[in-house]
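The listed protein sequences derive, respectively, from chains C and R.
Residues 1 to 447 in our numbering are what the first sequence lists, from first letter to last.
Residues 1 to 72 in our numbering are what the second sequence lists, from first letter to last.
No lab work stands behind these hints: they were computed from the structure.
No residue lacks a Cβ here, since even glycine has one placed at the ideal position from N, Cα and C.
One-sided and incomplete, this derived list gives chain C residues near chain R with beta-carbon spacing under 10 Å:
no., residue
1, 41
2, 53
3, 90
4, 92
5, 132
6, 134
7, 138
8, 211
9, 415
10, 416
11, 419
12, 425
13, 426
14, 427
15, 430
FRET-style restraints, in silico, Cβ to Cβ:
no., chain 1, residue 1, chain 2, residue 2, range
16, R, 58, C, 193, 23 to 29 Å
17, R, 39, C, 406, 17 to 23 Å
18, C, 207, R, 62, 23 to 29 Å
19, R, 33, C, 313, 46 to 52 Å
20, C, 201, R, 47, 34 to 40 Å
21, C, 82, R, 58, 54 to 60 Å
22, C, 437, R, 39, 34 to 40 Å
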Amino acid sequence: MGSNLDALTTIFTEFYYWVTVVFMFLIHVGFCMYEVGVSRRRNHMHTLMKNTMLIPLVSITFFLFGWWIYSAFINGPGITGPLEAAEASLPWSTTMGANMQDHITGVFWAAFLLFSWTTASIVSGSIIERMRSGAFWIIAVLVGSVLWIFDASWGWHPQGWMVKVLGYHDAYASGVVHAIAGGAALAALIVLGPRVGKFAADGTPREIPPHNPWLVTIGIFLIYTGFWGFYAACNIPIISPEVIGGQITGANWTATTIYFTPTSLGAITVNFILSLSGGMMGVYIISKGDAFWTYSGGLAGIIAASAGNDLYHPVQAFFIGAIVPCIAYKLHYFVERVFKIDDAVGAVAVHGYSGFLGVVVAGFVLWGAPSSPFEGFATISPGGNAIGAVIMFALGFFPILIVASVLDGIGLLRVPREVELLGLDYKTQAAYEQSVADVQHAEKATT
Amino acid sequence: MSTIGYSNWAVDLKDVNAIYPFQGWEVAMVLAAVAFWLIWHIVQIWQENREYKEDRTEHYNASNVGNSVDRY
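Chain C with its partners taken away, still in its complex shape (with noise of 0.2 Å):
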């Protein structure tokens, strides 16, 4: 820190990301009471307990090997460039742990570990009261810690691969995040197969409801709030154009996208409030008002337009925030009916056709505009931002299914369905019961 200057933009910066580490945690604490609202009585704690694990067992993968990848494979390696050896990034670096020389990489690692327990947790409530807990926190571990974080090299990196070659433009995460998660929730729902009693004999699926719907909506709720904190993790708070060293001239200071790129905070606040509006009302009337799927709506509203909400005017987010979800509804449903994959949550509609439909959708409305700061970068197209979208969705989905293959194969990917009928809560449960007639006992036999 030469300046006073650069002393308050660092502690700013430090304590930006801070905040947003805080916010985006209420994400996870949503998805936790999302699905044990959605689960019934005797998979609760299984299915807390499940979405629980992950925050330990992505951090400390994510540690291990995982923001190593992100600034290690910016260039394929093969596309652009070699392998990045990135030593800053690697577990042993001084820089990972307490160092006066360096207050910002901890907290945008943090940053970056609550975007992993993000893409790992839209996975979880998709396979919930049939997945065994071990295989999932297996797929866990690969979707936080290797293959987002793969894909955030190559398109959500100022110097990814596929920024400079195909101009990829993700602002937000719709593909990054979303979509990715959303290929890994479809594989492994393919490989897994549907709750026990959800289709019928004829194949006609059956309605599981959710044993809280009101758990349910406080859930969603805090996923919206914990949204606001995912978005300005987003940004560079601010830079100046002389930090950036692109093709920005002047002296004005600026928050950026990651890629760089002008914006501002107000802009995407806006943007993000009227692209939630339209998914919920886009979803209230095609679903007929359903609530379990207005709420969704408003979800898959935001990841829709999250690709180009850096820039988007709010009317285009509202519109795109509208229809993309409401297309994703009838892609549920439809695949539901035809291919008999039993999503609990709607997360691969929500998560993964919203955030593919919604990288494509930036390609058309931001074609021609820059990607990047930089010279030689490719500018946003139709097909490039196209490209993009299937190389996220497929980076989730083929992984995933092989894994959840081989799982399947040696016995560890399904709960045995006697243990699914049961409950796989049973021993937990019978436990609990156990101690309360006890002490009960115990109560009673004083007076």
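Given chain C, work out where chain R should sit, using these hints.
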């Protein structure tokens, strides 16, 4: 003698780098964390197998399933 390399703060902070204990042992600490993480998965799956086996052999019957399903 100090585990962090400093025994007082009579320093110019611009000259101070890492201040965590046992500098130089970072690779060994990381390897220990990798081992702990992998062993954790193995132990967890072993415990899970044992729990499911017990549920299937000792608790699975029509009455228990009926009670669980009825709780919704």
